[in-house]
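Protein chains in written order, with my numbering: chain A, 26 to 269; chain B, 45 to 294.
Just so you know, the hints here were simulated from the structure itself, not pulled from any lab data.
Treat the hints with care, since some could be wrong.
As the list claims (entries may be wrong) - Label-pair restraints from in silico Cβ distances:
| no. | chain 1 | residue 1 | chain 2 | residue 2 | range |
| --- | --- | --- | --- | --- | --- |
| 1 | A | Ala259 | B | Ala70 | 21 to 29 Å |
| 2 | A | Ser193 | B | Asp135 | 32 to 40 Å |
| 3 | A | Lys236 | B | Gly211 | 46 to 54 Å |
| 4 | A | Arg43 | B | Gly247 | 38 to 46 Å |
| 5 | B | Gly211 | A | Leu35 | 22 to 30 Å |
| 6 | A | Asn27 | B | Lys267 | 52 to 60 Å |
As the list claims (entries may be wrong) - No more than 25 Å apart at the CA atoms, straight line, and that leaves these computed lysine-lysine pairs for BS3-like:
| no. | chain 1 | residue 1 | chain 2 | residue 2 |
| --- | --- | --- | --- | --- |
| 7 | A | Lys39 | B | Lys89 |
| 8 | A | Lys53 | B | Lys122 |
| 9 | B | Lys49 | A | Lys236 |
As the list claims (entries may be wrong) - Sample of chain B residues facing chain A (criterion: CB under 7 Å; computed from the structure):
| no. | residue |
| --- | --- |
| 10 | Lys122 |
| 11 | Met149 |
| 12 | Ala290 |
Glycine included, each C-beta is placed from N, C-alpha and C at the ideal position.
Chain residues, written in single-letter form:
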Amino acid sequence: MNFTNFGKYLLLLKAVFRKPEKFNIYMKAIFQQMNFVGVGSLGLIAIISTFIGAVMTLQIAFQLVSDFIPKTIIGSVNRDSSILELSPTITAIVLAGKIGSAISSEIGTMRVSEQIDALEIMGINSPGYLILPKLIAGITMVPVLVICSMFLSIAGGFLGGTLSGAVSPAEYIQGITTDFNPYTIVVALVKAFVFGFIITTVPAYEGFYVKGGALEVAQASTRAVVISCISILACDYIVTQLLL
Amino acid sequence: MIEIKDVEKSFGSNTVLKGISAKFEAGVTNLIIGGSGSGKTTLLKCMVGLQTPEKGSVQYDGREFTEMNFEQRIEVRKEIGMLFQGSALFDSMTVEENIMFPLNMFTEQSFEEKMERANFCLQRVNLEGKNKLFPAELSGGMKKRVGIARAIAMNPKYLFCDEPNSGLDPKTSIVIDELIKEITEEYQTTTIVVTHDMNSVMGIGDYILFLHEGKKFWEGSNKEIAHTDIEELNDFVFASRFMKAAKKNF
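Given these sequences and hints, build the entire structure.
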């Protein structure tokens with residue numbers, strides 16, 4: 026995004042936060058979007074998180090070849106890696122592809138088929154009506170998905186580690202329960218909140234200002250996913266630097 | 045009544061509208077005609093605020109639209125109904141949900157009252173019983189009629205139609221034209237239709253504004269349009285073989 030686009034993005038956000046025309050219609054849209062973002066993505070996030078946890082455990086075990094390092098460390102490293110980095114970031118990147126492209130193409134199609142113009146003509150604040158429910162769904166459901174992902178990643182580590190014999194169940198459980206710092210959860214949830222904002226607003230911006238036809242909608246969708254992923258990684262670094 | 049004065053609009057170095065002024069009265073069908081690229085749709089979009097003119101004014105019954113803030117524009121837009129070229133129906137909603145949408149957003153009516161109004165609007169455009177269909181299940185003509193039903197749901201004072209006949213067969217075009225004229229006369233709306241269809245011009249053009257290369261070239265009624273000596277207008281009016289053949293009868 027160049028500076029002009031960033032300025033337009035901020036102006037769009039300003040319009041998103043105008044007073045809703047009718048609260049109950051917005052509430053209905055918010056619940057629909059929460060279902061789409063949260064429930065609709067749960068299966069995918071569950072599968073990815075479980076496998077990532079399992080693979081992480083095997084790789085940590087592979088690298089810990091010294092007899093001086095207790096095997097309980099496998100559980101600790103997997104826990105902290107999952108909570109601090111893997112669950113928030115991988116969940117966000119996956120959602121940027123799944124949710125981001127859907128948001129961008131939905132709003133982009135509405136733009137090129139004049140449905141957004143129709144909303145404007147009716148006197149409806151189209152950025153608010155189209156983007157606010159998605160934004161609220163993003164900032165509430167992405168943290169929920171990240172929490173699910175943390176549990177499943179740690180559980181996946183347990184399954185992967187014990188089934189392969191890389192670590193015993195007792196050592197793994199001792200590892201994940203030793204020296205746990207609850208602040209890591211706070212950091213992860215802050216990240217999830219920021220990522221939820223990015224995943225919904227960046228694609229919405231790309232879709233809202235699309236010009237042309239089907240090809241341009243597809244290009245906007247691709248651009249939305251790429252920019253969202255880069256923004257997620259940049260914000261991941263910034264939040265980590267600020268909070269740790 | 046809608047009055048525009050010296051409206052100018054450019055896209056980069058390309059000036060699309062060059063100081064257009066006109067008055068569109070209520071209760072009559074006002075047509076904006078011209079060839080492709082003459083600025084018809086841009087003028088319509090400037091009038092409804094989808095685009096901002098660089099110069100000039102647009103007044104709705106004396107209210108200066110171009111100088112209004114967002115909240116004031118919203119109030120005027122609640123009095124506007126618009127039929128889009130591609131109908132612009134919300135494709136995730138059924139026909140009745142499309143018509144009830146503005147009622148849901150801006151009225152405190154009960155569900156039964158809104159349903160009654162939706163049914164009345166559908167009846168008005170001869171689409172009774174099509175309530176539960178989705179836009180994808182409708183023909184082009186039916187989509188236009190649902191677009192009109194949605195546009196009149198809030199009893200608009202101003203009705204805008206952007207190329208209502210594009211992509212329709214001649215018979216369906218006449219049905220749409222007659223519907224627009226009936227609604228205009230029945231509800232005394234200020235109706236502005238952008239078209240390049242000569243059947244519409246001759247059939248419903250009470251007031252016609254002819255644009256050519258972004259300039260106002262002529263204004264008058266359908267009774268006068270065939271009797272001018274303006275070359276650009278005659279080129280447009282008598283471009284088709286049918287109109288050429290019919291010219292001797294005018």
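Check your understanding: Do Asn27/A and Lys267/B keep their Cβ atoms within the hinted range of 52 to 60 Å?
Key -> 55 Å, holds
Point to revise | Per-residue hint verdict: Met149/B, partner chain A, C-beta under 7 Å | key: 5 Å, holds
Review point. Does the Cβ-Cβ separation between Gly211/B and Leu35/A fall within 22 to 30 Å?
Key: Violated - the Cβ-Cβ distance for Gly211/B and Leu35/A, about 39 Å, lies outside 22 to 30 Å.
Check your understanding: Does the hinted range 21 to 29 Å hold for Ala259/A and Ala70/B at CB?
Key -> The hinted range 21 to 29 Å is violated for Ala259/A and Ala70/B, with Cβ atoms some 56 Å apart.
Practice item. Please work out if Lys53/A and Lys122/B have their alpha carbons no farther apart than 25 Å. Key: 23 Å, holds
Point to revise | Ala290/B as chain A interface residue, shortest Cβ-Cβ below 7 Å | key: 34 Å, violated
Exercise for review: For Arg43/A and Gly247/B, compare the CB-CB distance with the range 38 to 46 Å and indicate the outcome.
Suggested key: At 42 Å between Cβs, range holds.
Practice item. Verify the proposed pairing of Lys39/A with Lys89/B, using a straight-line Cα cut of 25 Å. Key: 24 Å, holds
Practice item. Take a quick look at whether Lys49/B and Lys236/A sit within 25 Å of each other, Cα to Cα. Key: 29 Å, violated
Check your understanding: Lys236/A and Gly211/B, beta-carbon distance inside 46 to 54 Å?
Key -> 22 Å, violated
Practice item. Take the C-beta atom of Ser193/A and the C-beta atom of Asp135/B, compute their distance, and say whether it sits inside 32 to 40 Å. Key: 57 Å, violated
**Study point:** Hinted contact Lys122/B with chain A - closest CB pair below 7 Å
**Key:** Since the shortest Cβ distance to chain A is 5 Å, the answer is holds.
Checked against the numbered hints given earlier, this structure breaks hints 1, 2, 3, 5, 9, 12; the rest are met.
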